[in-house]
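This is what each chain is made of:
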Amino acid sequence: MSNEKKKVKTIKIDLDKCNGCRACEMICSAYHATPRYSSNNPARSRIRMIRKPLQDVYLPVYAGEYTAAECMGRDKYLIDGKEYDECAFCRASCPSRDAFKEPDSGLPLKCDMCEDEDEPLCVKWCINDALVYEEREEDMEEEVVQEEIETGLKALADKYGLDNLVDTIARMSKKE
Amino acid sequence: MRYAETGYNLEIDLSTGNIERVETDPELTELYLGGLGTNAKLLWDRVPPEVEPFSPDNLLIFAAGLLCGTPAPGANRTIVSTISPQTRYMAFSMMGGFLAPEIKYAGYDKVIFRGKSPKLVYAWINNDKVELRDASHLQGKGAVETAELIAQELGDPNVQVAAIGLAGENRVFMASIEHARSSASRLGIGAVMGDKGLKAIAVRGTKDINIAKPEEFLEFCHEVLQYIPERDSNPVPGVMPILAGLGSPKEMLIHDEKWHTENFMWGNARTRIKDYWTKDVEENWKETQESVRTRLISCYNCPMKCGAIISVPGISTYMMKCFSKLTYTMAAYSDLEFGFKIAQRATEYGVDGFSTPQVMAFALELLEAGILTEEDFPGMPSDNEGRFYWLLDRIVRREGIGDVLADGVYWAARKIGNGAEEYDHNTIKKHEQLPLKLSMLNPIYFLMWATGEKINITQIEGNFPQAPFPTREEREEFVRDWPHVPHEKFKDYFVNWELRGENAFPYYPPVDATCDIVDWQETMHYIDDALGMCAGLSSFPLKPPYHIHNLPILISAATGMELDKDELWEIAKRNRTLVRAINVRLGLRREDDRPPDNHWKKRFPELEAQLLDAYYELKGFNKDGIPTKESLHDLNMAYISEDLEKRGILKDEQREEES
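The listed protein sequences derive, respectively, from chains A and B. Position one of the first sequence corresponds to residue 1 (my numbering), numbered consecutively onward. Position one of the second sequence corresponds to residue 1 (my numbering), numbered consecutively onward.
Here chain B stands alone, though its shape is the one from the complex (with noise of 0.2 Å):
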């Protein structure tokens, strides 16, 4: 019997309708873990780089995290991975809600879908049922509707959905998979699923997940449960309210935006409004909030809210979770009302909350600075948001210059040539980012910008606190209680950390130290990445419920495995390095590990190129960012190292040094 995963994937061929169940190898669970991990293996063996994204060849891989579907409070998180059109780097966006569980249920660890569909389908399956069925009379509705109207077709209210709605169809490079409260929204994965006929697949399981040590799974559970509540209770002191709690950011409760308004930037990542936060727009926003909020919700098997259903006077309602609540409403220099009321309409065409806006400002910015015309922007309104209303609409058709700005802004700005590449001043590895600028160096940050492959900072951050504490007391005071660290001198980095002097930004913390603490948090991430943990209870608050030494013993209870703290240690090393290799046969060198130039004002390029190689020093990779021999053959992956040298992107090191 296979514990905690259910030993088996569907794989879905879509251009021959053929469908199996296929059992896995337990190994892989052993090296891989699950999730993510497992994923970038399948992509690995069977996606080769001269696949392209819109191939049939190309995967499109829903997988449950190992631990979806054990009673671990969050492990809830659906990893689905691709090719991506608009990096062509390995795309892995992740979603909450309850798809993930409701596909072990069924029976399965991933849902494997290849080729390509002749007409629009939906796949629906239900425990060992699975079938492809005619979607045509879903084109063109919108992702939260499409689940709707797939519920009772089925005639039953307990299937979850994940659909894309007219953007992922359409192939915009911006497309995301919607399901519940949750959406899996960055590098275009909406776009493959599209590209692939697939306009929804929907999901109900009525099978048993079995645990290998049951008392001693369940009592852990409990004990994260009542954590919870108790550190919710103790927000951290001196860090802003989204971050002093757990969860994902509370953006749907907590109606302070004082430090997202006042540090992240309006427009194209353009302006910052250092006053903006006034007490009557803080009545004005708090009151639209509570007005258009129905009820805070979770995703499956967690207690916290970070999510909620929203309705808004006058059009559909729509669930919503995080940071897209202000994403439309700074990139358009407008309010939280437009914000509420644009994002039900992105939810519906199913689009990236944060590329979407900003692809729209980008575009307003090249026509206020003459590279584009009036004449591309036929019949738009004058008014603000109405603009944003309109090229919305465009995008998500590809209709005229919303065709152009479907590819995102990296690829619109070279398209549209004239000098508009000046203007794409926030992507990295070719997508859009949080709208930060900032002023000093920050050796951490700078690190995990450039070579995080999640393409997501907030899919790196965590368990480090962002910026030191004021005082020595207060940072003692914060490192008593902190069994997190993986080891002691963590503590010291962080009391040691002064906001000014010689033990502030940008040399402190030290190059080895910064490394470390980078190298800390990515683990995290790859960890919850593999077991479908959301962040949200591990890898990205301070002092979370779950962390590297009590997650050895959870794994192991949930099943059967022997894992210590260091062998989990090693596994996430093992799928960031299979993810990296991924990307290097994609094409993926040091010079792509680069944040935008204009992130900081003050750059110390000596400074950062210490920090990547000595990055890639701790990570076993070569000065260009390539896994060398050695570290591959550590982690038991030589079959990598044997593909690049064939591909001459490894060179033979010691004929090398010969030569």
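Extracted from the complex, chain A is given alone in its bound form (with noise of 0.2 Å):
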């Protein structure tokens, strides 16, 4: 087993301390301004708030993947009688909402942690603490993956018999 750790980037969002005030969608696009801090514009934010003020709703979300297609059924949260919005919770940049691309081409835009600080632009601006910065390591577990291949493949063996599986990987890997 290998002992390599990875680190983990994690912000730890309390809606409950968060007043509401977006100084974290207008830092983020400052940040990621080219020259840096040369511009800023919410709307090119990695970060974005879901407001309603007359709901109580204050909700922080960060950009994550693109993905081409949207989801089949869309959701809605309830908590503590408060509704979220369909998808409120979900990081990605889909063709179902406008939130995380840019306003001119359309391009996704995803969180990169700002990459070159101590931590992210949004957490040290946001002073009341709703946006805490945390680290932690997990360990690297390739033989996990490893395992999950094999309990495919034999779950495919036992299907097509093992032969016919063996056929079939080395045509692929020929046709790679």
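These aren't lab readings, by the way, just hints derived from the structure by calculation. The reader is advised that the hints may include incorrect statements.
[Said to hold, decoys possible] Derived DMTMM-like pairs (lysine to aspartate or glutamate); straight-line CA-CA distance at most 20 Å:
id, chain 1, residue 1, chain 2, residue 2
1, A, 124, B, 230
2, A, 52, B, 156
3, B, 305, A, 129
4, B, 341, A, 56
5, A, 101, B, 256
6, A, 17, B, 290
7, A, 124, B, 512
8, A, 82, B, 148
9, B, 489, B, 512
10, A, 124, B, 23
11, B, 129, A, 102
12, B, 207, A, 65
13, A, 52, B, 153
14, A, 52, B, 148
15, A, 101, A, 65
16, A, 52, B, 145
17, B, 305, A, 16
18, A, 124, B, 642
19, B, 207, A, 129
20, B, 619, B, 562
21, A, 101, B, 128
22, A, 82, B, 145
23, B, 305, A, 14
24, A, 17, B, 230
25, B, 129, A, 104
26, B, 305, A, 56
27, A, 17, B, 232
28, B, 207, A, 102
29, B, 207, B, 23
Combine the two chains into a complex, taking the hints into account.
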């Protein structure tokens, strides 16, 4: 088993501490401007506030992976009697909504945790501590991956026979 | 490229539906910065004094301050300017929230409305796409409700809306413009919006705001951000809790209201209740506040929490900030629960939380005095709180006595006559003021109340303590760490200031020192109003993060303009003089620069005259309060002296002397 560790970057989001100021959106867009800080525009931000003040909904969401297709269903969350919009907690830049896309080009945006900085800028600017940065280390568990492949192949061998499976893999590797 | 500002105004003619995007002259930014300054220039140039407030030729300007939409914390104020129907002078009410940055991101520094729409409309500004949309389905709807409906209708939760309620539609002189947790309340600007047939403006912007010196600017902004919690965790000792820290007074956070309830007057600015704040009251009010307050909230890009979401069971949720928490309560001699409840209805109607309760208390005094009779109040309930709700409903609809009261205390008193004028005892320049009646004349506040043209003391006072600390040691301690002063002499003014004896009111601070103190405080507000900076982080509290020494650096880094302290001071003086000139052209003179007669029990007419003379001289006004030709020339505003001379307002001084 390998002893390799990977760093997991986490932003802990405390919704109760959020005052809804959107400094996180502003500073994110300023940090990612070229040259750095030369402009700002919350519409380009990789963090977006979902705000419904009268319902007391204050939810910062970070941009994650781009996805080409939208989900088959749209869910809504009800938490403590507050209704969160469909897709509210989802981080994807996706065809179903405007968030996490460059306003001019429509290209997807993704949070990079402000790689060059000690902590993401949104966290630094959130002095109410609604956003808190945490790092932890996790073991790289490569063996687990091996085991998973074996389990999968065994299932296929059982279904189609080992010979068939070997032939197919040989054909596939030739094509590549 | 333009920095900090967009360089464009949006001009909307509501009569014709014509919409234009107009490039602005960068020289105007150098002379007036933006916000209030450039608003005043527009009003001077385009609204001559003959134009009635409810004329299509009156302008209604929504301006984002120069720094709004930049990363500067707290730069989020919208400055709404027009000619007030109530005072008939320039009105420049301001509000925080999220509108001004959104206007900037949409690509504009100002949205300028002229004309009158034949039917009720709202303006939808979506970057370059701007349209006037039918608002007939929103007629009579509450201001908060309207904002919700428009956001739903446009299908965009990120749209920012400012709207009027029924009061604005009915041209009530106390009508406000409501937006998010904020409102532009004073001087009847909501009435002008209603008169123009404009129910709301809705804005969405996705463009960039550029910064001239990015690294320098950001570093400065981050320092400000770090200073805020540091300063807030070190409250100034010896001052009341709401003034000890930063922010617009944190009425939503703090429940200790001893100072307001025992020093401000109840009813129609009438009664002081010295031992009001008992343990029982304190517990009761604290419980009320905590039970209705859902969350403390801020404006755009500001870490403070001056506002709150208020949910009183059984009525719809709204947002509140600052002192409107107490105005209805105290006008009605009621309690905090009543205050939170009626403020919900008042917010939906869109009325000024300062003036409206006083107008209602004034009406009830007239009834008690027999100047008005039961016949003037048909169907009014007999219980105290019910009467306030009843009056509020009549005023915003301009029904019966409500129609008379809807013009505010000053005009209502004159319409009612029969001695009603006596009960108009708390207005300045025809506008209701904070309910304060004090004993010994305070020379600093005398000048600020008398000459302030924002007609609101909180928009003039600020950086200098309101009263001396009891001991010299405390005062020395306070000035030890006070880099905010424009000049070292201010430290001496404060250290030598005593509660009693020779160095106390009314003859201390001396006349010149008093003028200096007023000038400093007023100057800081005029700078903030041009920048769109919240006074709560700058001109209002003691020892704020922004001050006269660092603001020029901030402005330079944002805009690329070279600017030092003296030049910034001069711009503020120019803006202040321009506002005075507009009002002088509308008839303002020395006799209008006066607080209510009973504001202080002990008055000193001779000293007051000296104070006014000295203040005018410092500001470059003549003895009648009119800016002199010389000072106008010095401030690059010869165009004003030419106009004032042409109108015979400013006499040719040489010819005058010869004759």
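| request: List in ascending order the numbers of the hints, as given earlier, that are violated by the structure. | output: Failing hints, ascending: 5, 7, 10, 12, 18, 19, 20.
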